[in-house]
Structure formats: structure tokens, C-alpha cells
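Asks: Take a look at the letters that make up each chain.
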Amino acid sequence: MAYVHHTSEKLKQFFIEIGELSYFAIRYFKEFLKPPWEFKELLRQCYHMGNRSLVLVGVTGFIIGLVLTLQSRPTLMEFGAVSWMPNMVGISIVREIGPVITALICAGRIASGIGAELGSMRVTEQIDAMEVSGTNPFKYLVVTRITATTLMLPLLVIFGDMVALYGSALVENLKGDVSFQLYFNTVFDALEFGDLIPATVKSFFFGFTIGLVGCYKGYYSKKGTAGVGVAANTAVVTASLLLFVVDFIAVFVSDIFYDL
Amino acid sequence: MIYDMDEQHNIAKQKMSKNKLEAVIEIRDLRKSFGDNHVLNGFSMTLYKGENLVVMGKSGSGKSVMIKCLVGLMLADSGFLAVMGKEIKTLDRKTLDALRSDIGFLFQGSALYDSMTVRENLEFPLRRHKEKLGNIKDTLPLVHEALENVGLAHTMDLMPSELSGGMKRRVALARTLILKPKIILYDEPTSGLDPITSKEIIQLMRNIQKMYGTSSLIITHDVDCARVISERMVLLVDGVNYAEGTFDELSKSTDPKVEAFFKK
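Protein sequences, first through last, are from chains C and H. Per this note's numbering, residue 1 is the first one in the first sequence, and the count goes up by one each step. Per this note's numbering, residue 1 is the first one in the second sequence, and the count goes up by one each step.
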């Protein structure tokens with residue numbers, strides 16, 4: 001009986017959280033459309049989230065391209081299909097691996113950062129101080145951060161994809177004597193709009209999800225320093241889980257439109 | 001010594017000069033609960049123009065909740081709350097923001113924005129209230145003046161993390177002063193500070209009141225702070241205005257609940 005009660009309480013809490021998160025998202029759109037707009041802060045956030053994630057996304061992308069090619073090579077060789085390597089790597093990176101891996105890295109770096117920053121601002125009454133000074137803290141802190149992640153993630157995904165393809169081309173160049181020009185020509189021949197557009201569109205949704213969850217967890221973090229840690233941690237876990245849900249929906253929808 | 005409220009107001013009014021008779025903050029029958037925890041159970045008080053009113057209460061007695069309700073940071077469950085004649089719960093966001101520019105709020109932990117320099121911290125409130133100061137273009141002289149008044153003009157380009165606790169409190173005070181407020185709400189202004197720094201902050205608060213002619217509502221449980229700065233005191237016990245009077249009157253009380261505040 002106690003187990004049933006516990007489970008129903010957990011379920012109730014889960015649905016309350018979903019409801020609150022949805023309300024938070026609606027509030028974002030409402031505040032986003034209303035002036036005054038915080039352009040300066042938005043640019044600052046874009047710089048922080050975009051520019052400062054470049055190295056991490058670049059290194060990860062490069063290694064993924066490298067490893068994917070190294071591990072696929074023996075199997076493709078076995079079937080005499082090694083010339084299909086650029087096509088296979090290009091499509092899998094652009095369609096799925098690039099966006100998902102970049103989003104997961106950003107969930108770890110950006111969502112936890114936002115959660116911790118806003119959580120600590122809540123605990124130290126900085127958000128209250130902002131409100132008292134006549135600035136809408138939701139607009140200044142939340143709208144700018146969610147917009148910045150939504151705009152920056154697709155750019156990071158494109159950058160990550162390019163570096164990953166470069167890593168793959170490097171392996172092919174060293175191991176298979178394939179020139180960089182031939183490699184990239186083959187990749188671009190294999191790619192279609194049906195690969196690029198859904199991947200880019202879902203990156204916007206990934207960015208929105210990361211910003212939304214990070215801000216929600218931080219903005220409503222419970223009082224106390226322990227709450228800051230919890231906000232950062234749950235922001236990463238929730239954002240990562242939601243990314244897969246968003247990815248599933250995106251693939252499902254793009255399957256209807258592009259007949260993948 | 002439980003004072004009759006009307007009698008108390010009359011005594012206080014008689015003590016104050018004519019220009020102080022105008023009520024700038026009025027709270028009547030304020031109630032606020034968090035679940036089953038009834039923090040405020042019908043709290044009432046009035047702050048008159050130009051006076052320093054100290055509200056004392058134990059930790060967790062609802063002092064901070066009360067002043068947060070005053071500036072709209074928290075919603076009261078019921079009761080009447082008015083600042084400069086405007087009832088808080090009836091105000092829309094724009095009017096409330098305009099009213100807030102007349103209220104300075106010194107937070108318990110200073111609440112300086114970590115990611116901004118001292119100068120940016122002081123400029124922040126000006127973003128939305130420039131018209132109040134005549135649509136000024138160059139904010140530097142204002143920032144300099146506010147910092148000068150708290151003796152920290154040299155810290156303009158420092159980050160909050162580079163300041164000591166006392167310096168942070170002074171900068172926070174300068175930030176509240178930059179909009180030239182008519183009322184300043186102090187939430188535990190000396191908490192977490194050493195006795196010498198506390199004295200400096202109290203002295204600074206007195207100087208500011210003289211310089212800017214503000215009305216001050218000071219929330220504290222520091223008896224020394226209350227003795228030096230208060231013109232009138234309110235004791236918040238069990239969520240109500242338990243006793244009211246001057247420091248001398250209350251410190252001589254034989255009521256056990258009042259005595260408890262003044263025991264060393």
C-alpha cells in the first residue's frame with residue numbers, strides 16, 4: 001500500500017513539474033514578444049554560450065569523426081564498401097550524431113551553468129534585487145538565456161558537424177589515401193536537403209530545451225546552497241532526457257515530411 | 001507591556017515634528033502563511049515621513065516576509081499594505097515599478113550582482129528609471145556621487161568578489177541611494193558583520209538619512225543597532241505588533257516577551 005502511495009505521489013509530482021515547465025515555456029513566449037528587449041544581455045549570453053562552447057564542441061566532434069571512421073572501416077572493408085565511408089559518416093553525423101552529441105555536451109555545460117548561476121542568484125536574493133530595481137528578472141535572465149541557447153545551438157551543431165567530418169576525412173586521408181577534396185565532394189553529393197533541414201530545425205528545439213530546463217531549474221531552485229547543486233544537477237539530467245524525447249518527435253515528424 | 005495601537009500612534013505622532021505626520025507606509029492586519037506555518041497573524045504598523053522605525057523580532061518571526069510583501073516581492077494572504085498612499089495589491093506592474101524607484105531596499109546579504117562590476121551594479125537600477133533623474137546620458141557622475149557618499153569611490157571597477165562583507169554592504173547601500181529613494185527598507189543591515197563594521201554601517205545609515213531626508217524601516221534583531229538608530233520601535237512577536245514605543249520605553253518594560261529582546 002505504501003509503495004502504491006509513494007508511486008502515485010511521484011507520478012503526481014512528475015505531472016506537476018511538466019505543468020510548471022509548460023507554464024514557464026508559455027511565459028517565455030509572452031515575455032519574448034513584449035518590449036523592452038534586452039539586446040545587450042542577449043548578445044552577451046550568445047557570446048558566453050556560443051563562443052565559449054566552441055572548443056569543447058570542436059574537440060568532441062573531431063574525436064567522434066575520427067573514432068566513427070576508424071571503427072567502421074574494418075566492417076566496410078570486409079564488404080568491399082569502403083568507398084561508401086564518406087556517405088555513411090556524412091549522413092549519420094549530419095542527421096543524428098552531430099546534433100545529438102552537441103546537444104548533450106551543451107546540456108552538460110550550458111544547462112548546468114544556467115541552473116547553478118540562476119540558482120545562486122535566487123539564493124543570494126540577486127533576483128529579488130533585480131525585481132525591486134524595476135527590471136523584470138524573467139525577461140533579463142530567462143528570456144535572454146533561452147533565446148541565446150536556441151540561436152547558438154544550431155551554429156554549434158554546424159560547427160561540430162564540420163569538425164567531425166574533418167576528423168573522418170583525416171582518417172580516410174591517412175589510411176585510405178582519399179584526398180580531402182574527394183572526401184568532401186562525396187559527402188556533399190550524398191547529403192540532401194532532407195538530411196540538412198530536419199537536423200538544423202531540431203537543433204533549434206534542442207537549444208530551446210536546454211535553455212528552458214536550465215532556467216526553470218535555476219529560477220525556481222529552493223533556498224540554500226544545497227539547492228544550487230540540486231538545480232545544476234537536475235538541469236543536466238532533465239535536459240538530457242528531454243533531448244531524446246525531442247529527438248524522437250523530430251525524427252518522427254521529419255519522417256512524415258521527408259520520407260526518410 | 002502591550003500597547004494600544006491607537007494610543008501608540010498618538011504618542012508617536014506627538015513626538016514627531018509636523019512634517020513627519022504623513023504616513024509613508026501603512027500596514028493593517030497583514031496575514032501571511034506558508035502551509036501550516038502562520039508567519040504573520042494580523043500585523044499592523046505605520047511609518048511616518050522622515051522617521052527611523054525599527055522592527056525587531058526573533059529569527060523566523062516574519063520580519064523579512066513583511067518587507068518583501070511591502071515591495072511586492074511576496075503576496076500577502078490578506079490585509080492592507082500601502083506605500084505613499086498607494087495600495088500595493090491594486091497596482092499593475094508598471095505603476096509598481098515606478099513606486100519601487102522611490103523605495104530603496106538593502107538586502108540582508110547585500111545581493112550585489114556577481115557578474116557585474118561595482119559600477120555596473122550601481123548603473124543597473126538606472127536602466128529603467130532614467131526619466132526619474134531627468135533622462136541623464138552620462139551615469140558616471142551619479143555612480144561616483146553615490147559611492148562617494150558611502151566612502152567607496154575607489155572601488156568602481158572592482159568585482160563584488162573582491163570586496164569585504166562591510167564594503168559589499170556599503171556598495172549595496174550606494175545602489176539603493178542612486179535613485180534617490182524617499183523610503184529605505186533595511187533588512188538586517190548589520191547581520192554577519194563584525195561589531196566595528198556594524199557601527200560604521202549604522203553611522204552611515206544615520207548620515208544618509210540626514211543627507212537624503214529618507215524615511216527608514218529597519219528590520220533587525222541587533223539591539224545595539226536599534227538603540228542607536230531608532231526613533232520608534234515595533235516588536236514583532238507571534239506574527240503581530242506586540243509592543244510599540246521608543247527604545248527607552250520598551251527596554252524598561254517588565255513584560256517577559258519584551259524583556260527577552262533586551263537581555264544581554
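Treat the hints with care, since some could be wrong.
[Claimed, not checked] Derived coverage of chain H by chain C (criterion: at least 3 residues anywhere in the stretch with Cβ under 8 Å from a Cβ of chain C; other residues may be distant): (1) 55-63; (2) 88-101; (3) 119-127.
[What the hints assert, rightly or not] Some chain C residues well away from chain H (every beta-carbon gap over 12 Å; in silico): (4) LYS10; (5) PHE32; (6) ARG44; (7) THR186; (8) GLY227; (9) ILE249.
[As the list claims (entries may be wrong)] Only pairs whose alpha carbons sit at most 20 Å apart, straight line, appear in this in silico EDC-like list of lysine to aspartate or glutamate: (10) LYS210/H / GLU148/H; (11) LYS139/C / GLU20/C; (12) LYS139/C / GLU120/H; (13) LYS130/H / GLU20/C; (14) LYS180/H / ASP102/H; (15) LYS40/C / GLU120/H; (16) LYS94/H / ASP247/C; (17) LYS34/C / ASP92/H; (18) LYS34/C / ASP97/H; (19) LYS30/C / ASP92/H; (20) LYS139/C / ASP114/H; (21) LYS139/C / GLU148/H; (22) LYS222/C / ASP36/H; (23) LYS182/H / GLU192/C; (24) LYS139/C / ASP92/H.
These are calculated hints, taken from the structure and not from any lab test. Glycine included, every Cβ here is placed at the ideal spot set by N, Cα and C.
Asks: So, for every hint listed, does it hold in this structure?
Replies: Now for the hints, and whether the structure bears them out:
no.: 1; hint: 55-63; result: violated (count 0)
no.: 2; hint: 88-101; result: holds (count 5)
no.: 3; hint: 119-127; result: holds (count 3)
no.: 4; hint: LYS10; result: 20 Å, holds
no.: 5; hint: PHE32; result: 16 Å, holds
no.: 6; hint: ARG44; result: 9 Å, violated
no.: 7; hint: THR186; result: 47 Å, holds
no.: 8; hint: GLY227; result: 15 Å, holds
no.: 9; hint: ILE249; result: 35 Å, holds
no.: 10; hint: LYS210/H / GLU148/H; result: 15 Å, holds
no.: 11; hint: LYS139/C / GLU20/C; result: 18 Å, holds
no.: 12; hint: LYS139/C / GLU120/H; result: 18 Å, holds
no.: 13; hint: LYS130/H / GLU20/C; result: 35 Å, violated
no.: 14; hint: LYS180/H / ASP102/H; result: 7 Å, holds
no.: 15; hint: LYS40/C / GLU120/H; result: 13 Å, holds
no.: 16; hint: LYS94/H / ASP247/C; result: 41 Å, violated
no.: 17; hint: LYS34/C / ASP92/H; result: 16 Å, holds
no.: 18; hint: LYS34/C / ASP97/H; result: 16 Å, holds
no.: 19; hint: LYS30/C / ASP92/H; result: 17 Å, holds
no.: 20; hint: LYS139/C / ASP114/H; result: 18 Å, holds
no.: 21; hint: LYS139/C / GLU148/H; result: 32 Å, violated
no.: 22; hint: LYS222/C / ASP36/H; result: 19 Å, holds
no.: 23; hint: LYS182/H / GLU192/C; result: 65 Å, violated
no.: 24; hint: LYS139/C / ASP92/H; result: 17 Å, holds
Comparing the model with each earlier hint shows violations of hints 1, 6, 13, 16, 21, 23; every other hint is respected.
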